[in-house]
Amino acid sequence: MNHWLVKSDPDDYSARDLERDGRAAWDGVHNPVALRHLRSMTPGDLLLIYHTGKEKAVVATGCVASTPRDDPNDAGSAIVDLTFSGWLKRPVTLAEVKSDPFFADFALVRQARLSVMPVTAAQWQRLLAMAGEAGPARK
Numbered sequence: 001m002n003h004w005l006v007k008s009d010p011d012d013y014s015a016r017d018l019e020r021d022g023r024a025a026w027d028g029v030h031n032p033v034a035l036r037h038l039r040s041m042t043p044g045d046l047l048l049i050y051h052t053g054k055e056k057a058v059v060a061t062g063c064v065a066s067t068p069r070d071d072p073n074d075a076g077s078a079i080v081d082l083t084f085s086g087w088l089k090r091p092v093t094l095a096e097v098k099s100d101p102f103f104a105d106f107a108l109v110r111q112a113r114l115s116v117m118p119v120t121a122a123q124w125q126r127l128l129a130m131a132g133e134a135g136p137a138r139k
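Read in order, the letters of the sequence shown are residues 1 to 139 in the working numbering.
Misleading hints may appear alongside valid ones.
[Stated by the list, open to error] What follows is a list of derived Cβ distance ranges for each label pair: (1) D12 <-> A75: 20 to 26 angstroms; (2) A75 <-> A122: 14 to 20 angstroms; (3) T120 <-> S99: 26 to 32 angstroms; (4) P118 <-> K54: 22 to 28 angstroms.
If you're looking for bench data, these hints aren't it; they were derived computationally from the structure.
What you are looking at is a predicted structure, and each value in this text was computed from that prediction instead of being measured.
C-beta atoms are modelled at their ideal positions from N, C-alpha and C, and glycine is treated no differently.
Starting from the given sequences, assemble the full structure and let the hints guide the process.
So this is what it looks like as structure tokens:
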């Protein structure tokens, strides 16, 4: 099982929207590196949902619910279905992540424009601990 972080502009589609919808096709990824990561996802992989814009924080967890596939509406792009798992007890801000030397090599810090990125098991655990979680967040 892999861990991922996906970014979303909450003005376009937020974690709250994913919670409401239950399942959604994650689309709109065009960066070649982010697309490579998206195409590497497998059903059951866990993910962190990060809100861009004013929030700039990891806010929730989710799960990959399908194998990636070509986006029928966007040649050269791909989509994958995601489901909402739960809200973090408290958001973990980008400022907090950047201020922790542990995350010096984390793509969220080093490749700020990347919308889909891998998260190591150690980074996953550290982020959940920062959010006050003892384990995977639940609804």
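Taking the hints in turn, this is what the structure says about them:
1. The hinted range of 20 to 26 angstroms is satisfied by D12 and A75, whose Cβ atoms lie roughly 21 angstroms apart.
2. At about 37 angstroms, the beta-carbon gap between A75 and A122 misses the expected band of 14 to 20 angstroms.
3. One distance hint, 26 to 32 angstroms for the beta-carbon pair T120 and S99, is violated here, with the actual separation near 19 angstroms.
4. Here the CB-CB span from P118 to K54 is close to 26 angstroms, well matched to the stated 22 to 28 angstroms.
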